[in-house]
Structures are given as structure tokens and as C-alpha cells.
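Student: Assemble the whole structure, with the sequences as input and the hints as a guide.
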Amino acid sequence: MARVASVQMDVHIGENARNTARVLDRMSVAAGEGAELVVFPECATSGYCFDNAEAAAPYAESPDGPFVEAFSDGCARAGVTGIAGFLERGEGVIHNSAALATPDGRVSVYRKTHLPTLGIDRYVEPGPALPVYDTPVGKVGILICYDVRFPEAARSRQ
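According to the numbering used here, the sequence shown is numbered sequentially starting from 1.
Keep in mind that the hints were calculated from the coordinates and are not lab data. Where hints are given, some of them may not hold.
Label-pair ranges, simulated between beta-carbon atoms [as the list claims (entries may be wrong)]: (1) 125 / 152: 16 to 22 Å; (2) 21 / 129: 28 to 34 Å; (3) 13 / 151: 29 to 35 Å; (4) 129 / 3: 35 to 41 Å; (5) 152 / 2: 37 to 43 Å; (6) 106 / 33: 22 to 28 Å.
Here the structure is a predicted model, which means the values were calculated and not measured. Positions of the beta carbon are idealized from the N, C-alpha and C atoms, including for glycine.
Tutor: In C-alpha cells:
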């Protein structure tokens with residue numbers, strides 16, 4: 001059975017570099033305490049509460065951007081599988097996404113599927129699928145916040 005760390009941390013709105021440093025620091029601490037899977041909050045890099053898409057857009061990053069690269073490198077250094085939320089910049093859209101990185105450098109991105117009408121979710125596009133990922137700690141499915149309100153999402157991953 002895998003040892004999991006669920007990290008709760010203050011996320012500073014629009015301070016991606018500061019939040020990324022905090023994610024990497026807490027990942028290192030969790031790994032030092034024996035965690036094999038380290039899970040961070042929704043929108044861990046940018047924060048969640050934006051007034052509109054234009055306000056959020058400068059803090060959205062592509063999956064090959066600085067956050068996901070640093071996160072993947074951090075997982076490799078710490079020898080852990082990690083999941084962390086970030087705002088993903090797509091072709092003319094923003095997604096509320098989570099990066100999954102493994103110690104061997106594999107990176108996958110899940111896009112939140114069920115969007116409530118609050119926070120950044122008022123301005124993002126839903127993801128198309130509910131994938132299951134093979135990781136060193138076993139099969140992992142990701143649900144972001146409101147996604148958990150829909151039991152069929154979890155059931156469909158069995």
C-alpha cells in the first residue's frame with residue numbers, strides 16, 4: 001500500500017513562482033517523511049479566486065511551462081509521484097487542470113470535468129475525459145473538487 005501525503009497550504013493568488021517554490025518545499029518534506037504519492041490543492045500555483053478570465057490568463061501555463069517542468073523535476077529528485085493543480089493555457093481557452101508527475105519523468109494532465117459556477121471555474125473549459133493513470137504507486141484517477149460530487153466519475157474508473 002502506498003503512503004500518501006495530502007498537502008494543505010496557503011496559496012497566494014497570482015504568485016505562481018512563490019507558490020511553485022512552496023509546492024517543491026512541501027514535496028521535499030513529504031518525501032522525507034516517507035510519502036510515495038504527494039497531492040496538492042486545486043490551482044496550487046495560481047490560486048482559484050479570479051474575477052474574470054482576463055485576470056486569470058496571465059497566470060495560466062501550458063503543460064510544458066515552468067510550473068509543470070519544475071514539478072516534474074521535483075518529483076524525480078524526491079522520488080515521488082505527485083499531483084498538483086494549475087491553470088492550464090490551451091488554444092484560446094483556460095482549463096482547471098492537475099499535473100501528475102512520476103519519479104521517472106512521465107507527466108500527464110487531467111482537466112477538471114465538472115465545473116461549478118464560482119471562482120475560476122466560471123471562466124474555464126471542462127476536460128473531455130476521466131482517465132486512469134498507471135503510476136509507480138498503482139492506478140490513479142484524479143477528481144478535482146466539484147468532480148467528487150458526481151459518483152459516476154469515480155465509478156467509471158473501476
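Student: Now tell me, hint by hint, if it's right for this structure.
Tutor: Hint by hint, here is what the structure shows:
| no. | hint | verdict |
| --- | --- | --- |
| 1 | 125 / 152: 16 to 22 Å | 20 Å, holds |
| 2 | 21 / 129: 28 to 34 Å | 31 Å, holds |
| 3 | 13 / 151: 29 to 35 Å | 31 Å, holds |
| 4 | 129 / 3: 35 to 41 Å | 28 Å, violated |
| 5 | 152 / 2: 37 to 43 Å | 25 Å, violated |
| 6 | 106 / 33: 22 to 28 Å | 24 Å, holds |
Comparing the model with each earlier hint shows violations of hints 4, 5; every other hint is respected.
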